[in-house]
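Asker: First to last, the sequence lines map onto chains Z and C.
Mapping to the numbering used here: the first sequence position 136 is 136, numbers consecutive.
Mapping to the numbering used here: the second sequence position 134 is 1134, numbers consecutive.
It is worth saying that the hints were derived from the structure and are not from the lab.
Just so it is clear, the structure is predicted and the values come from calculations on it, not from any experiment.
Glycine residues also receive a C-beta, built at the ideal position from the N, C-alpha and C atoms.
Fair warning: there could be bad hints in the mix.
Claimed, not checked - Label-pair ranges, simulated between beta-carbon atoms:
| hint | chain 1 | residue 1 | chain 2 | residue 2 | range |
| --- | --- | --- | --- | --- | --- |
| 1 | C | H1135 | Z | R23 | 39 to 47 Å |
| 2 | Z | D95 | C | I1069 | 19 to 27 Å |
| 3 | C | E1136 | Z | R58 | 44 to 52 Å |
| 4 | C | D1167 | Z | G133 | 55 to 63 Å |
| 5 | Z | A80 | C | G1165 | 28 to 36 Å |
Stated by the list, open to error - Some residues of chain Z that are not near chain C, with every Cβ distance over 10 Å (derived):
| hint | residue |
| --- | --- |
| 6 | I62 |
| 7 | I69 |
| 8 | D81 |
| 9 | G90 |
| 10 | R123 |
| 11 | A132 |
| 12 | F138 |
| 13 | A140 |
| 14 | W179 |
There are 2 protein chains.
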Amino acid sequence: MANEPSVIVFDVNETLSDMAPMRDRFAQIGCPPDHARLWFASLLRDGFALTAAGDMGRFAEIGAEALRILLTDVHLTMAADQAVDYIMKGFMMLDLHPDVPDGVRSLKAAGYRLVTLTNGATRVAEQLFARAGIHEEFEALLSVEEAPAWKPAASSYKYAARVCGVDTSELLLVAVHPWDIHGASRAGLGTAWVNRAGAPYPSYFANPDHVIEDLGELTHALAS
Amino acid sequence: MANEPSVIVFDVNETLSDMAPMRDRFAQIGCPPDHARLWFASLLRDGFALTAAGDMGRFAEIGAEALRILLTDVHLTMAADQAVDYIMKGFMMLDLHPDVPDGVRSLKAAGYRLVTLTNGATRVAEQLFARAGIHEEFEALLSVEEAPAWKPAASSYKYAARVCGVDTSELLLVAVHPWDIHGASRAGLGTAWVNRAGAPYPSYFANPDHVIEDLGELTHALAS
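Excised from the complex, chain Z in its bound form:
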């Protein structure tokens, strides 16, 4: 396990934002609701493929285009352009999981510095936090757009450490995605896996240092 963390680094999409309403959006354009998961897995698959090949995509661009391709064999209830727009707008209008605001305030009160690190754009976190009134708890909202590569490449986490002026071992990554826990662990960060749904953790990824059911548990988990 890494050192005692001084900075908590939050992943954003699905870790802080509740993506469940995306299922309804997909249903509204004429898709099976599970296409929300297929879309997000395809988006990450292609983004990670670019990363593995040494390149870098833009999250929103891959998201919109992977979606357009996914919709080519769906009988939509509206024009394809409109449908893509409707899904992408929905993605920008998600709310925080209910446990996030209090969890964030509790960590801030415990003396941790708080930042975000997303493969997407920083404005997603900005909008999420502005609506919930917790923007001021965060020292910085970071995106891999300013880093050499997407997460889970080591250079993305090192970028965050550099911006925060600390060693990677002083960072603790909080994420719902096992691939993010893996990359952070390999880069020397401490890790906390948020497992709200009681899912199994894949054995092919490095284990998290902490497993929590919601953000409210993290202050306590770090203190013990």
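Chain C: place on chain Z using the hints.
Answerer: Below, chain C alone, put in the same frame as chain Z:
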């Protein structure tokens, strides 16, 4: 575009094998048929995440475990172990797309050296080819298991070039997956995208040198 190729490198899963029957298998264990696509996208997402983090997974292990996790919220018609086994066995028993045997023979007759390069195990290609009687057309069946990394990392394609004793520019990768075309193109190979379903090509990936509807078109495309 790369040099005139001397060696044709075939991707295996979905490029040579027809994965359509996987939909029926998923239905038979109690899943929506589209879970076949969600499973395969999740498998690749996690495999590429390991690659991006500088690590290497085993295709069959990730496949079985990503499947088990995917099935945790499905009401199955059989025990989970049995269901995972049924899907993974089905994956090993797929047939070639109908255009493959004649396409392969035509390329061999035109003087090309033929190899495969898969992120999976070489025995998948062995079994596919043995059943179809085209094993002897191939000089070697390669897997990234012997390479430094999975496709689409450059080192995977360079491994194939090394085994074949040629520069990467003498290889031509044939694949249905745009991420594979991208990685091969970045590594200096020529590329042919097999687009059997008339799908759009994602603009965030490097374009293929050739686009063909089936393997039968490739000999002609390379000659012109």
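Asker: So, for every hint listed, does it hold in this structure?
Answerer: Now for the hints, and whether the structure bears them out:
1. C:H1135 - Z:R23: 39 to 47 Å: holds, 45 Å
2. Z:D95 - C:I1069: 19 to 27 Å: holds, 26 Å
3. C:E1136 - Z:R58: 44 to 52 Å: With a Cβ separation near 46 Å, E1136 (chain C) and R58 (chain Z) satisfy 44 to 52 Å, so the hint holds.
4. C:D1167 - Z:G133: 55 to 63 Å: holds, 59 Å
5. Z:A80 - C:G1165: 28 to 36 Å: Violated, since A80 (chain Z) and G1165 (chain C) (Cβ atoms, about 47 Å apart) do not stay within the stated range.
6. I62: Given a closest Cβ separation of 6 Å, the condition is violated.
7. I69: Per Cβ check, I69 (chain Z) is inside 10 Å of chain C; nearest 5 Å; violated.
8. D81: Since the minimum Cβ distance to chain C is about 13 Å, D81 (chain Z) lies beyond 10 Å and the statement holds.
9. G90: holds, 20 Å
10. R123: holds, 20 Å
11. A132: Holds: least Cβ distance 28 Å, greater than 10 Å.
12. F138: Holds, because the least Cβ-Cβ distance between F138 (chain Z) and chain C comes to about 26 Å, which exceeds 10 Å.
13. A140: At about 23 Å from chain C, A140 (chain Z) clears the 10 Å cut-off, so the statement holds.
14. W179: Check fails; 4 Å does not lie beyond 10 Å.
Checked against the numbered hints given earlier, this structure breaks hints 5, 6, 7 and 14; the rest are met.
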